[in-house]
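**Student:** Chain residues, written in single-letter form:
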Amino acid sequence: MTGQAFFVLTALADGPRHGYGIVGEVAELSQGRVNLKIGSLYGVLERLAAEGLIEPDREEAHDGRLRRYYRLTGDGQSALAQEAALRAAIVRVARARLGRLAAEAGG
Amino acid sequence: MSGDLERRYRRVLRLLPGWYREQWEQDMVAAYMDSWLTGDAYTDACVLEYCKPGGAEVASVAGLAVRLHLAGPGTPRRYAWGQALRRAVLAVLLVHAVLAVDVLVFLVQSRRLVGWLPASSVSLLTAASGGAWARVYCLVCVAWMVIFVMQALGRYRAALVLAVLAIVPGLVALLQAQRTGVMPAPFGPWVFWVLIDLAPVLVMTTFGRDARPAAPRPWLLALPAGYLLVYAPLLALQATGNIAWLPDFSGLCCLLVSLACLMHAPRVWSRRVTGTGSWSLTLVVLAAAAGAYRIFSLTDYLNDPHLIAVSLAEVLILLAAVALVAIDAARAQAATPYPHALTG
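As given, the protein sequences belong to chains V and R, one line each in that order. To convert, count from 1 in the first sequence and add 5; that's our numbering. To convert, count from 1 in the second sequence and add 35; that's our numbering.
Just chain R, with the same shape it has in the complex:
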């Protein structure tokens, strides 16, 4: 017995990836129809003709579809993308954590909270000057460090809840600036919020509790290392009076991803090292995000041909660097080992 209800449910199941439907669709439809049919011919005829999948049922299929599309096992391609996205999210959270350390160090120095530290300092970001917003800003900074550590340790659910809370003040500040007309640039801050705040949180919603965590130790060590990597050159530029050479934040992202690609490339091209593809795919994902950030924030410099030229040079450097690992990333999608799904 079949009817409109089955047709409507199969339409919902089209949200799922093809390889998954091939394996599970018939069984899902059978179970779904079992949940409706009563055995009474008249009632069942009415059910089949007039009932349709409810919101909760559609939501459960949509949730499964998002997880399978972004982070699910089942095919080498999906598995490789899942791994790459988990690492890319960790990398973006690392950026947040490094910026948070920067803001906190800057606040400590500028307010002379620790006597032996020098008063003046350089910072990538401008800390809020005072009042309630400054306190919220500090709380958000601390939150990003905690989120990064939790994500590195595989505490996905707690990290997600905190991350959702952490991106809200940024959105409120942007809306307020937009409303009062004090937005420093038309698109840059929005692009930052969408790509660096919102996008990782959306990807984090797809991580299952049992998703394979990254090795936490190297990631945790990357926080102090990342801070030194960014701020040692920054201090050197300041000391030598060349601070004007410092690229803006989106440019810095492009250069850091390019540097990571250059450091990874020798492993890719070495015949002795295997299993590099997953990291190559991670770098391609990060390069796409950094490139998009750079290109969209170009609109802030439309009246400055010099900065436009510098920005385009940053994009070209990024493209050249990512080209070194792109072929390896493409190969990874067919070669990454993955857990076997149900057969039979």
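The following block holds chain V by itself, in its conformation from the complex:
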């Protein structure tokens, strides 16, 4: 799973969001490091929809335009859980190794 797809699925994990809502949530999650352009966002959304990991939730009118909200599917939740577990395991290893490096440097 790409980093962008992981961010988008995480952004949808606490409830349905519309396109710009996802962009904002991804920017916040990444502490401003990932600023998705709309073209990139919809490339990711199209792939996730094609893989059955997200689906449309509802449409709401706003300023004369329809905002489409997206939500995670059951498969999307499973895929996100697997990816999160993998990334968490990598983080644990990285922290342990950095701890050893710091201990060697200190001792």
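Since the hints were made in silico from the structure, they are not lab data. There's no promise every hint is true.
Stated by the list, open to error - Think about it this way: if two alpha-carbon atoms lie no more than 25 Å apart in a straight line, the pair counts; the simulated SDA-like pairs of lysine to any residue are:
hint, chain 1, residue 1, chain 2, residue 2
1, R, K87, V, D80
2, R, K87, R, G53
3, R, K87, V, R38
As the list claims (entries may be wrong) - Covered stretches of chain V (chain R as the covering partner; in silico rule of three or more C-beta atoms under 8 Å from a C-beta of chain R):
hint, region
4, 17 to 28
5, 32 to 46
6, 71 to 84
Every residue, glycine too, gets a C-beta built ideally from N, C-alpha and C.
With chain V's structure known, arrange chain R on it following the hints.
**Tutor:** Then chain R, alone, in the frame of chain V:
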């Protein structure tokens, strides 16, 4: 609220395929306008009138458009073309890898690096004679083998980065030859670089990380098989003193694609085998590339009517062979199963 900004953004979105815009355009426009509008009437009026999509935004839409046009899912036609292009790129990389093996074997033999191998050998390509260029040439050869293996294993990004680096020395050598006036033929080397080096790299830029990889095992086995397929007849021609019968490289490409079409045709026409269309489309793509290479490199033989006649015969053989699979390739564009896009 809408205005010039929305109109300008919709104009950028015209880069995207029609079937994609039908499904996603309204939502993209809504998200894009949300990213600009502040809620303050005066500011928003200025934004709508004077702002326009930035370079990064246009680039993101253009990147998405290229991927969807060449390799994206969404319609059977796009999906079939995506599969065919992935296989065609692998086939061209296989050609590069076979040529690389040829050059390395030739170097090993001609420099007696392995004592028990005979000193003389035949080669399709002339290896650089020595110096820095020879070392670069060897490195590029090794790189093409690695690129082929990476692509076959689905490591698209790493393969792309290496491929971009691998085509640069060829371009530099061509420009240098052009500048110093030692180009062996006016167009052939350029056509080779554009069709065999540059074009696959451009197509590779459209492969997403999650694009479905080909089955790697048959492709990896194709490397030694391809080497034997080309060089066993080559050695036989040399041993029998008939090396003049060897076609030039573009002719060899035409004959190899023709042979592949002839081998695939019985499967196409058999009622018991299904799902052949994707391979037929791959062969049509390869035939188009080989035919274009053959025709453009004809300009190297303008003073030799015999070679012109031989070259045209190669084109005719290619056309006849590809005709056997062309109808199946056309059918594939309407029949290939594809992942379902968003509905609702």
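**Student:** Confirm or reject each hint.
**Tutor:** Evaluated hints:
1. Restraint check for K87/R and D80/V: not satisfied, since their Cα atoms lie roughly 38 Å apart, outside the 25 Å limit.
2. Taking the CA atoms of K87/R and G53/R, the gap is near 23 Å; set against the 25 Å cutoff, the hint holds.
3. Between K87/R and R38/V the alpha-carbon distance is near 24 Å, which keeps this suggested pair within the 25 Å criterion.
4. Check on the region 17 to 28 of chain V: 4 of its residues sit with their Cβ under 8 Å from a Cβ of chain R, so the three-residue criterion for coverage holds.
5. Given a C-beta distance limit of less than 8 Å, the hint that chain R covers the region 32 to 46 of chain V holds, as 5 residues qualify and 3 suffice.
6. Coverage of the region 71 to 84 of chain V by chain R holds. Counting CB-CB distances below 8 Å, 3 residues qualify, and the rule asks for three or more.
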